[in-house]
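Fit chain B to the supplied structure of chain A, relying on the hints for placement.
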Amino acid sequence: MRRNPPQKPADYLPIAFPAAMLALFFVVPFGIMVAISVFKRVQGGFYEPAFTLDNYARFLTPFFGEVLMFSLALAAIVSVVCLLIGVPFTYLLTRIGRRYQVLWLITLLAVLSLSEVIIGFAWSTLLSRTAGLSNFLVFLSIMDKPEAWTPGFGAVMTGLVYQAFPYTVLVLYPAFSRLDPSLMEAARTLGSSPLRAFWNVVLPIMRKTLLATFIIVFIFALGAYLLPQILGRPQHWTLSVLVTDQAIYQSNMPFAAAMAVFLVLSSLFLVGLSILVSEKKGIGTP
Amino acid sequence: MTDTVKFGLSRRSVLAAGLAGASTLAMPTVLRAQDRSLKVGVYGGYFKDSFDKHIFPEFTSATGIAVESIAEPTGEAWLVQLEQAARAGQAPADLSMMSQVAMLKGQSTNLWTPLDLSKVADADKVLPQFINSYPDGKVAGVGAVAWYITLVSNTESYPEAPESWAFMWDPANEDKLGLLALVSNSFLLEVTAKTFFGGTDVLDTDEGILQVMEKLAELKPNVRLWYRDEAQFEQALKSGEIPMGQYYHDVTGLAAADGFPVRSTFPKEGGILDSGCWALSRASEKGDEAHEFINFMTQPSMQKLMSLKVGTAPTLKRDTLDMTDAEFASVSSDIDPVIPRYDLYSTKSDWLNQKWTELIVG
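Chains as they are written, first to last, in the UniProt record's numbering: chain A, 1 to 286; chain B, 1 to 362.
One chain only, chain A, in its complex shape:
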């Protein structure tokens, strides 16, 4: 593969197609959204082209600030939990036989084929008082009487982690399966315990992968609007839920667009910040 930077315009050709696709399916819709976000809302009707910052002004209140903060925090916690479970899981997965690896991966991929609606309703049944898992615990005499575990923050977290976990593993898997086993062997020969070797050798090598996974899950969880509705109480509704309310039920496209722009900007800002921090810290690592 050629490594030197492109010299002539023709050298950019290979990326022309992806660039065009990106422009068509990302830049253009995003541009339309930004445009609509400054349009004028016609109350009780739809919207008309104009230039107004009213929609942004309406967002700049403590109320929406809190909702935005909650959404960002929820997405971050989901990413952390996914990594906490996903990293040991994927590491162990790459250490077992090829056959079982494939089986596990197919099982995880199967989860991706479930729609968010099915996941939401399944979990709300599993966590319910009348038909849920707590009945099983009562049967085992661990609990006195069945309890409802939904709606609540725990239920929202469970649903989101369940849904994001396959992505976590799929992003981590290639990096972990390429990991040179001799590194661990070297650490072990030098007297490290397996846990210590994992902590001191494997994790630092994986830093970039971990960050990438964190960002992917974070953005994925930030867009969740169905699970917080089905499994959460109103205080667990994310900004995406309110965007949906405005766009779909209030037909207030301009305000929905303005909220979405805020959501995109704040997540871009956080992603940029984390990349910046990791690059500073990342000196000396591959």
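The hints are all genuine.
Calculated pairs, DMTMM-like style, for lysine to aspartate or glutamate (alpha carbon to alpha carbon, straight line, at most 25 Å): (1) B:348 / A:48; (2) B:238 / A:144; (3) B:220 / A:147; (4) B:304 / B:325; (5) B:355 / B:207; (6) B:238 / A:116; (7) B:238 / A:147; (8) B:304 / B:336; (9) B:355 / B:174; (10) B:220 / A:66.
Derived from the structure by calculation, the hints contain no laboratory data.
Just chain B now, kept in the frame of chain A:
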């Protein structure tokens, strides 16, 4: 990865199966292949199923016009889709059953093609409140069906039927209620106003609305679920997971008839009376068929059939209907209903929505 996974299926058979599957899914509910057809949107789920089974075939056999029924989402989601599509000159459905708030919002953007009542033989029998008109008097929609939202409860959790909406505020009902999540479809402001403030006149002023909202805020600890999706609550009500709340009288009646331990009660302050109009998208080219459809559906015999089979209340004057008192009572009530203040949802919709969201989220 690809080397290690071997499928026993050939590419061709997978493609064939996929194609067959996709075309089955994409096949719309066409009753009969006809030259003349009409796409009609009705609320998806039980509502649409009942229409497909009992109502649309009658129309097709009487007029020869095939009906392609479209499942429309609840709330105003369908309005947004119709509006966006109409801007692009498309009509996902020619005629749609629209609730009052959506009708009014559609009227403000001239989404509905004006209807010609001279083509509707029984138009004079329709109760005046069920004819929606533009400010200039042109007809935007003709009442299709009316429905009640009532106080529903699980008969196992509540052996005694509640008598008043005020029962929802009882501290004993902590974490037991399921209520609609939006100000514009729950009509809880009207319910609270009629129950505690002697009528909906208190909602005339902003201060009055805030006062009512304050009373509503006391309800929050009792609410387990604020639902946007009906299926979410219906399931929980049947199982007793959420044993009480507001729900549609018609669907609850059907569930009770199917043996589920649920009941619908008209509280002494009245059930919430809402209605759906037939409205024609301005992007539709099926004006003639649409008028024939409305003409057919407005007949007293069809209104009766809808009441018996779908459980909705008729939109025609009582004396024009050939229904027994028992039949009429099963879909309606003599108690003066809670009439939604539709005017608020068009003139103050954003302010109301903001205050409401702060009320339940905050």
